[in-house]
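2 protein chains.
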Amino acid sequence: MSLRGVPTAEVFQRAVDGERRALGRLLTLVERGGAAGDEIAEISHPKAGRCHVVGLTGAPGAGKSTITGRLAAAAGVATGDSHRGVGVVAIDPSSPITGGAILGDRIRMDEVIDREGTFVRSMATRGSSGGLALAVPGAIRVLDSVDYNPVIIETVGVGQVEVDIAGTADTTIVVVTPGWGDAVQANKAGLLEVADIFVVNKAERPGAADARRDLELMLDLGAHPEPGKPIWRAPIVMTTATDGIGIDDLWSEVENHREWLTETGELNARRQSRDRFEMLGRIDELLGAIGRARAQSPVGEQLLKRVESRELSPTAAAAELLADLLE
Amino acid sequence: MSLRGVPTAEVFQRAVDGERRALGRLLTLVERGGAAGDEIAEISHPKAGRCHVVGLTGAPGAGKSTITGRLAAAAGVATGDSHRGVGVVAIDPSSPITGGAILGDRIRMDEVIDREGTFVRSMATRGSSGGLALAVPGAIRVLDSVDYNPVIIETVGVGQVEVDIAGTADTTIVVVTPGWGDAVQANKAGLLEVADIFVVNKAERPGAADARRDLELMLDLGAHPEPGKPIWRAPIVMTTATDGIGIDDLWSEVENHREWLTETGELNARRQSRDRFEMLGRIDELLGAIGRARAQSPVGEQLLKRVESRELSPTAAAAELLADLLE
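Same order as they appear, the protein sequences are chains H and S.
Under the working numbering, read the first sequence as residues 6 to 332, first letter to last.
Under the working numbering, read the second sequence as residues 6 to 332, first letter to last.
If you are wondering where the hints come from, they were derived from the structure by calculation, not from laboratory data.
Nothing here was measured: the structure is a model prediction, and the numbers come from that model.
Keep in mind that a hint or two might mislead.
The list makes no distinction among identical chains, and a pair is therefore deemed to hold if it is satisfied within one copy or across any two copies.
[Claimed, not checked] Derived pair list, reagent style DMTMM-like, types lysine to aspartate or glutamate, alpha-carbon separation capped at 25 Å: (1) LYS52 <-> GLU258; (2) LYS310 <-> ASP254; (3) LYS310 <-> ASP97; (4) LYS234 <-> GLU260; (5) LYS234 <-> GLU316; (6) LYS234 <-> ASP43; (7) LYS310 <-> ASP43; (8) LYS52 <-> ASP254; (9) LYS234 <-> GLU24; (10) LYS234 <-> GLU47; (11) LYS234 <-> GLU332; (12) LYS52 <-> GLU260; (13) LYS310 <-> ASP248; (14) LYS310 <-> ASP219; (15) LYS310 <-> GLU221; (16) LYS234 <-> GLU209; (17) LYS52 <-> GLU198; (18) LYS52 <-> ASP225; (19) LYS234 <-> GLU44; (20) LYS52 <-> GLU231; (21) LYS52 <-> GLU24.
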């Protein structure tokens, strides 16, 4: 039976009652945005705010999907019946270049963990960082509000958008592999900044000890304690995720970090910054619609003609179009 | 002698006079944005609008940098003394994953073509598609206004942002290689839509004829002539760019396409859509600043607190913050 036409509030109630298809439908509507997405945000927001959000990022091929699958299983065992299960939101790339490989990973992961008690959802980025910045917190909120806990957000690469999204989690795991240093040179600092826990995966390979030493050195160099701010030094966990080695240690470190967040008040700070991030995204979305409407108005079209005749630069035209808002 | 502190108008004049360092400085300021960037847009806009803009996109590893280098050389020979030279804007990825390889490409290309008569500029994406959408047309405008023609824009991959940027060119070249079909499955339609010319590079490899046949088939399937709209069927050029094979054919097709654009009036239509694209980008930039200012205002902070207490969803808070603009 299709859920099309069923009122959103009822779909939500069915998801609360445990109907997985209803939950899937909610997530589709959230990803799609628009009025239904807004309604779901209204319904789910008061019920959310309980789950622990774990972000997982790292270069493609580092084994993130396998780690996510194993970690979800470990988390499910650890939390037992205290919650409905573990939620996973996997960000699929808009870039089609690596599409095949990533789809392969996804299937592998789904085999491991898409079963009763774990809910896996893939989200396409559709080339829009703005869209993702809204869809991901919306999906977390839905899973949270129907009592999935923890929720793991797995991003596909280490681009700035993906690091930003992983970085809004309560606990962010950065996955590297032996020899990673050269591969992600350009964004090392960005990764270091967001990492609460490092994983050296494929730790059975040559160079794993070197990778660990590199990370330790970076952590030493990057340690700039701010007065009054509690200090957390990211632990480094060695794993061979394909064989499940090190996954229990990783889950222990997630639990340690969660305790630290709670004790120090950092948890509230992170959630505040996540709320701020999402609110800014919503503001951008609304303003974007205003901008497009103005650009398509007769005044906007006239300004565009003056740009074409090289009388006005696009910058000057935009400023003139928004003059009343700019004071 | 540094150009810091030299008035922008004078830097511009020096660039017009052929000082390459002054041109580099202008492009740096354009990329950086802000008041100096705006001033350069004002100075250069009336003088621009002459150059032919060629976009070049394709999956990493397809040989785009080599093709760009060879094509720039061919264009330089063809246009001779009628213009100052050939401009190249190469978009470097923000994603650090492939950083090493792409830097390697860049160095290779620079060796080939960064000499008197050709001006090569790399631009980092800095993870911001919005930033690129503004910086690229700004860079084209500067190169155009000091009489570089053509200007080649080389993007790094086939993600939506990159395809969008390449797609705003007058002539867009899409580079594929034997076996490309599986690799870029997800965005085939997007690539087909923007391509004015296809290149099958590494045409000496097995599968090149198949790649060509695939493209022909896609072009047949995708042919939906719109009434009253002139038809251009993208030619397919086979190249082995490392040996310079097929590059003259490619340049001929660029010239054919330019003639077609001019004869059919499509050139004006494309430039209008490029102006519109940039104006929308500037509008977004200005509105973004308004949004951030409001979010940081006392009212914005208060709304954020209500989000945190789960009284308001971020969506509702954003709508309340912008209520006066939304009517």
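Do the hints match the structure? See the list:
Taking the shortest Cα distances, LYS52 and GLU258 never come within 25 Å of each other, neither inside one copy (27 Å) nor across copies (60 Å). When the C-alpha separation of LYS310 and ASP254 is checked against a cutoff of 25 Å, the pair qualifies neither within a copy, at 63 Å, nor between copies, at 36 Å. In the homo-oligomer, the alpha carbons of LYS310 and ASP97 never lie at most 25 Å apart, since the shortest distance is 40 Å inside one protomer and 32 Å across protomers. In the homo-oligomer, the alpha carbons of LYS234 and GLU260 lie at most 25 Å apart inside one protomer (20 Å), although the nearest pairing across protomers, at 62 Å, exceeds that limit.
For the identical chains of this complex, LYS234 and GLU316 are neighbours neither inside a copy (53 Å) nor across copies (29 Å), given an alpha-carbon limit of 25 Å. In the homo-oligomer, the alpha carbons of LYS234 and ASP43 never lie at most 25 Å apart, since the shortest distance is 36 Å inside one protomer and 40 Å across protomers. For the homomeric pair LYS310 and ASP43, the shortest alpha-carbon distance between copies (19 Å) is at most 25 Å, but the shortest distance inside one copy (37 Å) is not. For a Cα distance limit of 25 Å, the shortest separation of LYS52 from ASP254 qualifies neither inside one copy, at 31 Å, nor across copies, at 64 Å.
Proximity of LYS234 and GLU24 under a CA criterion of 25 Å is satisfied in neither setting, with 43 Å inside one chain copy and 50 Å between copies. Taking CA atoms no more than 25 Å apart as the test, LYS234 paired with GLU47 passes in neither setting, with 34 Å inside one copy and 46 Å between copies. Taking identical chains as interchangeable, the C-alpha atoms of LYS234 and GLU332 are never at most 25 Å apart, the minima being 39 Å within one chain and 43 Å between chains. In this assembly of identical chains, LYS52 and GLU260 lie within 25 Å of each other by CA distance solely inside one copy; the values are 23 Å within and 62 Å between copies.
For the identical chains of this complex, LYS310 and ASP248 are neighbours neither inside a copy (63 Å) nor across copies (45 Å), given an alpha-carbon limit of 25 Å. For the identical chains of this complex, LYS310 and ASP219 are neighbours neither inside a copy (56 Å) nor across copies (41 Å), given an alpha-carbon limit of 25 Å. Proximity of LYS310 and GLU221 under a CA criterion of 25 Å is satisfied in neither setting, with 58 Å inside one chain copy and 38 Å between copies. Taking identical chains as interchangeable, the C-alpha atoms of LYS234 and GLU209 are never at most 25 Å apart, the minima being 36 Å within one chain and 61 Å between chains.
With identical chains, the CA atoms of LYS52 and GLU198 are never at most 25 Å apart, being 31 Å at best within one copy and 44 Å at best between copies. When the C-alpha separation of LYS52 and ASP225 is checked against a cutoff of 25 Å, the pair qualifies neither within a copy, at 41 Å, nor between copies, at 53 Å. In this assembly of identical chains, LYS234 and GLU44 lie within 25 Å of each other by CA distance neither inside one copy nor across copies; the values are 38 Å within and 42 Å between. Taking the closest pair of Cα atoms, LYS52 and GLU231 never come within 25 Å of each other, the shortest separation being 34 Å inside a single copy and 51 Å across copies.
In this assembly of identical chains, LYS52 and GLU24 lie within 25 Å of each other by CA distance solely inside one copy; the values are 17 Å within and 63 Å between copies.
Going through the hint list in order, the structure does not satisfy hints 1, 2, 3, 5, 6, 8, 9, 10, 11, 13, 14, 15, 16, 17, 18, 19, 20.
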